[in-house]
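So the sequence lines, in the order shown, correspond to chains G and P. 1 is the number of the first residue of the first sequence in my numbering; add one for each residue after it. 1 is the number of the first residue of the second sequence in my numbering; add one for each residue after it.
A couple of the hints might just be wrong.
Stated by the list, open to error - Pair by pair, the computed Cβ-Cβ distance ranges are:
{"#": "1", "chain 1": "P", "residue 1": "Pro20", "chain 2": "G", "residue 2": "Ala333", "range": "44 to 52 Å"}
{"#": "2", "chain 1": "G", "residue 1": "Leu336", "chain 2": "P", "residue 2": "His176", "range": "50 to 58 Å"}
{"#": "3", "chain 1": "G", "residue 1": "Glu297", "chain 2": "P", "residue 2": "Glu132", "range": "47 to 55 Å"}
{"#": "4", "chain 1": "P", "residue 1": "Pro120", "chain 2": "G", "residue 2": "Val329", "range": "19 to 27 Å"}
{"#": "5", "chain 1": "G", "residue 1": "Val329", "chain 2": "P", "residue 2": "Lys32", "range": "52 to 60 Å"}
{"#": "6", "chain 1": "G", "residue 1": "Ile325", "chain 2": "P", "residue 2": "Phe142", "range": "47 to 55 Å"}
{"#": "7", "chain 1": "P", "residue 1": "Ser145", "chain 2": "G", "residue 2": "Ile280", "range": "36 to 44 Å"}
{"#": "8", "chain 1": "P", "residue 1": "Phe142", "chain 2": "G", "residue 2": "Glu352", "range": "30 to 38 Å"}
{"#": "9", "chain 1": "G", "residue 1": "Lys396", "chain 2": "P", "residue 2": "Lys72", "range": "22 to 30 Å"}
{"#": "10", "chain 1": "G", "residue 1": "Ile325", "chain 2": "P", "residue 2": "Ser145", "range": "21 to 29 Å"}
{"#": "11", "chain 1": "P", "residue 1": "Ser148", "chain 2": "G", "residue 2": "Val329", "range": "33 to 41 Å"}
{"#": "12", "chain 1": "G", "residue 1": "Pro296", "chain 2": "P", "residue 2": "Lys32", "range": "36 to 44 Å"}
{"#": "13", "chain 1": "P", "residue 1": "Ser148", "chain 2": "G", "residue 2": "Ile325", "range": "28 to 36 Å"}
{"#": "14", "chain 1": "G", "residue 1": "Ile280", "chain 2": "P", "residue 2": "His176", "range": "47 to 55 Å"}
The hints are simulated quantities; they were obtained by calculation from the structure and are not laboratory data. Note that the structure is predicted; figures quoted are calculated from it, not measured. Just so you know, even glycine gets a beta-carbon here, dropped at the ideal spot from N, CA and C.
What follows is each chain in one-letter form.
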Amino acid sequence: MISGSWFERQKNIIDYSLQSLLRRRSKNILILIIFILLVFAVSSVLFITESLTQEMMITSNDLPDITVQRIVGGRQANVPASYIPDIEEIPGVEAVETRVWGYFYLASLQANFTIYGMDLNLLEEGEYQKIVNWKNVPDESENQILSTRPDFRMIVGQGVFELLRDIQMEKAYLFYQPTWEKPIPFDIIGTFKTETELQSNDMMILQTEGARRVLELPPDEFTDMAVYVPNPEEIDNIALKIRRYFPELRTITKAQIKNTYSSVFGWKSAFVLSSMLAAIFAFLILIWDKASGLSPEEKREIGILKAVGWDTDVLLSVKLWEGLILSGVSSLAGILLAYTYTFQLRAPGLREIFIGWSAIYPSFQLIPDADPKSLLLIITISVVPYLAVTVFPAWKAAITDPDVVIRNI
Amino acid sequence: MANPVVQAVNVTKTYNRGKPNEVTAVKHASLKIDEGSLVVLKGPSGSGKTTLLSLIGCQTKPTRGEVIIRGKKVSKLPEKFMNQHKRRHIGFIFQHFQLIAGMSVLDNIVLPLIPEGVSPKARNKRADRLLEQFNLAHRRQFKISSLSGGEQQRVAIARALINNAGILLADEPTAHLDSKLTSDLLDYIEQLKQSGHTILITSHDPVIYQNPAVDRVLEMKDGQITS
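Next up, chain G with everything else stripped away, as it sits in the complex:
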């Protein structure tokens, strides 16, 4: 009797496992398809959750340490400038900035957009220069910025720009409300190229004075205030002081916003997964049924292999390899399909559930982001249970005397 090396033995076992999978190809193809669908569904939800959370987290890094709003009659009201010196005097506060922003419904596009007021001259030399794509605007260049009317200029998100281009307003847009005497024209001097498209896509940055006109905000009043605190340990304490000194003011810290982003998408992810629970459960039962129940033919095969001298551990290795190949291939295929669906095709069907207001929300690209921990989790919850349900019945058959299996005693 010639005996080969351990390596040759393992190679033989893997070869046999592959042959065995191919011999039962109709059953295994069915399991493969169901398995891929399951992994695809779960992975897609996890990918979109992570991507959206990631995008929000990137955005939240630029948030002020404390956002201060004024609440009157249970709703947000304008903040008078008189609060600024009092808040600046609180020990630990480095700066207080006022913000002008709001929402504007563009009837011609049937969409709601975010308007933000800022000094666009800052864009020329400041850090914001990098995030504006001037080339997207035909016939505009960096040198021409100052040549446009200073108070009526704006920079728009890529999604807004594309919508405006569709109505031939990519160079200038006329803001109008029925209560106004005449429209207010704004020149478009650039588009955002920031990676945080989820935030910037529907945004219009207007010169502050122009934004005040569009939002009908009186002089010396602001939408809210941004408070900057250099010491992170003091943020909560300063927010508490602001609320105590000015009970009509509401404070929102950066940490609270991050938690909200995280929980919003986490909740939506759980909701979608729960909705799919019945389907996942049905698929799992089908897989269990197909994978775990050894057919009389399979039991007989195990008996024959034992009868010709195969050891229990070799038989288990065969079943382990079969399970690993099938579940591994399915998991990888499911993950790759989910990755393509989420990041290349932009998750049609699922995206709307997560974003919610898709009908008025311009398109955006999801940031490809796959957390290795999530991938490991997906593989663990798919491969390990499958191996258990396939190997255990094989082990039960393999520890039975071949005599009993073959003679059916």
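Please build the complex by placing chain P on the supplied structure of chain G, with the hints as guidance.
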């Protein structure tokens, strides 16, 4: 005195012990088979022939007693070592051939070599020799399900011989064969005996146990060897 290569010492086999369907198939059976001899175990159905053959072929362990193959008490060995001894010393031809229907002739024949780690090239070389010997070369890649009974019988013999084992056990080898195929089988068995194999056959077919090549006939009744 010739050297016994197979010994059963006072073996008893009880199935389903402690259960209502408990049955003792072999009771205190003892035998010795010398190297190179052809022995037939005959007896009516249910007499315990197949169980005794299974015990000697390491397909199951005795409830009591010992089975000794080439000097090693295999019935006392852990499964892994018993299987290794079985692979290296025993070839078994089962009553219903016990071939895997979805696999090719070649793949069935080489099955005992896979756990030994024999490379595909070496396996195929040995299988091809046997395929030639048993006139099955033209059926090499055929599925078992497409073969005739006689061809399946020859595949089963080839599989039993692939590991060059010196001991060949055959359980009712003519049970499903016509007279022509039985005659062919006897020719193969005689050839194997002449090449030095030790052969133990269970059969109640007179064509087998009355064959002049048979050295000894043992009779079983109610689980015991009576002569």
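Taking the hints in turn, this is what the structure says about them:
1. P/Pro20 x G/Ala333: 44 to 52 Å: 51 Å, holds
2. G/Leu336 x P/His176: 50 to 58 Å: 51 Å, holds
3. G/Glu297 x P/Glu132: 47 to 55 Å: 31 Å, violated
4. P/Pro120 x G/Val329: 19 to 27 Å: Taking Cβ atoms as reference, P/Pro120 and G/Val329 lie about 23 Å apart, which means the hint holds.
5. G/Val329 x P/Lys32: 52 to 60 Å: The hinted range 52 to 60 Å holds for G/Val329 and P/Lys32, with Cβ atoms some 54 Å apart.
6. G/Ile325 x P/Phe142: 47 to 55 Å: 27 Å, violated
7. P/Ser145 x G/Ile280: 36 to 44 Å: 38 Å, holds
8. P/Phe142 x G/Glu352: 30 to 38 Å: For P/Phe142 and G/Glu352 the Cβ distance comes to about 56 Å; the hint is violated.
9. G/Lys396 x P/Lys72: 22 to 30 Å: With Cβ atoms ~29 Å apart, the hint holds.
10. G/Ile325 x P/Ser145: 21 to 29 Å: 25 Å, holds
11. P/Ser148 x G/Val329: 33 to 41 Å: For G/Val329 against P/Ser148, whose Cβ atoms are near 38 Å apart, the range 33 to 41 Å holds.
12. G/Pro296 x P/Lys32: 36 to 44 Å: 38 Å, holds
13. P/Ser148 x G/Ile325: 28 to 36 Å: Because 35 Å falls inside the window, the suggested range holds.
14. G/Ile280 x P/His176: 47 to 55 Å: 49 Å, holds
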